[in-house]
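Undergrad: Read off the chains here:
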Amino acid sequence: MPSSPSPFTAAVASDSAPKTLAEKVWAAHLVRKGEGGQPDLLYIDLHLIHEVTSPQAFEGLRLAGRGLRRTDLTLGTEDHNTPTQDIFKRIADETSRKQIETLRANAEEFGVRLHSLGDDEQGIVHVVGPQLGITMPGMTVVCGDSHTSTHGAFGALAFGIGTSEVEHVMATQTLPLAPFKTMSIRVDGHLRPGVSSKDIILAVIAKIGTGGGQGYVLEYRGSAIEELSMEARMTICNMSIEAGARAGMIAPDQTTFDYVQGRPHAPQGQDWEEAVEYWKSLRTDDGAIYDAEVVIDADQLEPFVTWGTNPGQGVALSEAVPDPEAFGEDNDKAAARRALEYMDLVPGTPMKEIPVDVVFLGSCTNSRIEDLRLAADIVKGRSKAANVTMMVVPGSQKVRIQAEEEGLDRVFKDFGADWRFAGCSMCLGMNPDQLESGQRCASTSNRNFEGRQGKGGRTHLVSPVVAAATAVRGTLAAPSDLDPVDA
Amino acid sequence: MEKFTTHTGVAVPLRQSNVDTDQIIPAVYLKRITKTGFDDALFASWRKQENFVLNQEPYRNGSVLVAGPDFGTGSSREHAVWALRDYGFKVVISSRFADIFRGNSGKQGLLAAQVDQSDVELIWKRIEEEPGTEVTVDLEARTVSVGSLTVPFQIDDYTRWRLIEGLDDIGLTLQHEEDIAAYERQRPAWLPRTLPART
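Chains as they are written, first to last, in our numbering: chain A, 1 to 487; chain B, 1 to 199.
Hints may contain errors.
As the list claims (entries may be wrong) - Derived CB-CB ranges, DEER-like: (1) B:Arg15 x A:Ser480: 35 to 43 Å; (2) B:Ala141 x A:Arg192: 49 to 57 Å; (3) A:Gly416 x B:Gly171: 55 to 63 Å; (4) B:Leu149 x A:Ser480: 50 to 58 Å; (5) A:Lys33 x B:Asp138: 45 to 53 Å; (6) B:Gln56 x A:Gly328: 25 to 33 Å; (7) B:Leu167 x A:Gly456: 57 to 65 Å; (8) A:Gly416 x B:Thr133: 38 to 46 Å; (9) B:Pro188 x A:Arg62: 28 to 36 Å; (10) A:Asp483 x B:Leu122: 56 to 64 Å.
Simulated from the structure, these hints should not be mistaken for laboratory data. Treat the numbers as computed from the prediction; the structure is a model and nothing was measured. Here a beta-carbon is modelled for each residue, glycine too, at the ideal position from N, C-alpha and C.
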């Protein structure tokens, strides 16, 4: 039995000096405080795995004769490599198939729960965790995937790790880590109609830069954040990594509790009461000091879009392609020139006059039921522009099933979009869902890097409603640019 | 892991900021299940362009990459470090590294040396004036030297110590097995378990 009080109690969370949310969660997971320049040893509550970053870690365990310490805190799903059509056939790409078969064999050998292609719980790892109620406030969550920051929307400390760390967590259920610094991102005011959480995070990244968050945990707070749904909060935390931060967090509140309650792995009865009491203590204390603070005015935000080849190269959709010579630093000028060359864009071109070839609605950033509903609302009763193909890839099989129950698949199909099975798909093009060289895509994903969606492909990051409006108009567009639907 | 004290080798100037891990190794190469043999995958897209720095003598055999700010951003893929290592790089110099890339490097014996941008500019100048110039990176002294120029670099004490000693993290952590077990005993029962599965 415990000799000291559990760190998971409100009393301990709010002892002595005022703390930030991130500091509270960190303190509750300290196995051992590092001394003399050594890192702290942190306990990991949940380890999510997938086929791409785990095979070498399992192999490492085997070579060292080590076991997987806590299979009951480990969950696997197949997502990066999986096809989104013909999923019940043998996977055509041999190396993809081999990687997936390796994950299945490893899960079997080590006793890890795995949701495989074709299973109703299969899907993108960051959609599956929250939907099962396995992601909860105050937890530490890791995965060999940088978008693990998504789970921070619940007030969890969640971050991506490399394969060596995956092996480390498998063997020890801990990670040696130096404490992060904390940054407050306060979003005051209220979002206007047609502006979404994707626009908040793109604006944050444009403001602080792709390296601005390095070394920090970002805590999103303020009225505009509190008004967001859990799904919208996940979109924001998801892209914290695009600002250079390993983790983003939002303090849990009633919206969070309502989302978690009743999910398959959520606590029940007395356990639920105890958990909620603790979770309510996970708010940054008055007087706690952040290492850095940023303020954004939600009332001023417009739909946002990227023009370049990193997520910090973005502007409001109503603006034009910027002139590289207008950037202050030589490095930024050079980067902008290179980006515009790759993107085949001319400075001064209004963003809304840029035609696209492909619209991709999906990825761990924007593939949840709410994203699909918002996009379906826009395309319903409208016709797709002839120059555009549109692909809709639900984040999980559960999302796909729910969308079909609501008839959203019908709306997308009637519009002329492709309705697919769940997976990472065209976000990174590891499966056959790729742009052709020279194609331009409005994508609800998270990275507009050169070649990310297919060699030579050009990516504009947008919100689901902008993606939908773009599919209607054929050029980058906001819903407000569309003619009303005939009644 | 091999011990790292000093390294001397040809420096390669990569005058570009925001070199993300998708550029270091495109996703198509991530389907492999091995941990070695990624040398062909390093900068695979860029290497198809004739004027890319690694396609030019004497940089082809470089072992110290001197890059612009925000190196290693984006995806957590450790394959980026494996590809740099398998190609022959021992050190990457930049004024800013993405956190995950920096962590991954430290686990694989690749030194991520953080140098002020003004000093990176000086190193670039030197190695471009005389392509093929060797630089010496001294981990004990935390310095990078090119000819008469010596500049400091930053690395956290713990990673430096582990690299110098060539130590494996897992072995170090398992020395604290009792602490881990003690922590586990007081975790509350309501925390989720993935097994048995509930759906």
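Undergrad: Evaluate each hint against the coordinates.
TA: Hints, verified against the model:
1. A C-beta distance of roughly 42 Å is found between Arg15 of chain B and Ser480 of chain A, which places it inside the suggested range of 35 to 43 Å.
2. Checking the proposed 49 to 57 Å range against Ala141 of chain B and Arg192 of chain A shows it holds: the Cβ atoms sit about 56 Å from each other.
3. Our hint of 55 to 63 Å for Gly416 of chain A and Gly171 of chain B holds, since their Cβ atoms are close to 57 Å apart.
4. One distance hint, 50 to 58 Å for the beta-carbon pair Leu149 of chain B and Ser480 of chain A, holds here, with the actual separation near 57 Å.
5. For Lys33 of chain A paired with Asp138 of chain B, a C-beta distance near 31 Å fails the hint of 45 to 53 Å.
6. Distance hint check for Gln56 of chain B and Gly328 of chain A: the Cβ-Cβ separation is about 31 Å, which falls inside the suggested range of 25 to 33 Å.
7. Leu167 of chain B and Gly456 of chain A have their C-beta atoms about 43 Å apart, which leaves the hinted 57 to 65 Å range violated.
8. One distance hint, 38 to 46 Å for the beta-carbon pair Gly416 of chain A and Thr133 of chain B, is violated here, with the actual separation near 58 Å.
9. Evaluation of the 28 to 36 Å hint for Pro188 of chain B and Arg62 of chain A yields a pass: the beta carbon distance comes to about 33 Å.
10. One distance hint, 56 to 64 Å for the beta-carbon pair Asp483 of chain A and Leu122 of chain B, holds here, with the actual separation near 58 Å.
The structure does not agree with the numbered hints 5, 7, 8 stated previously, though it agrees with the rest.
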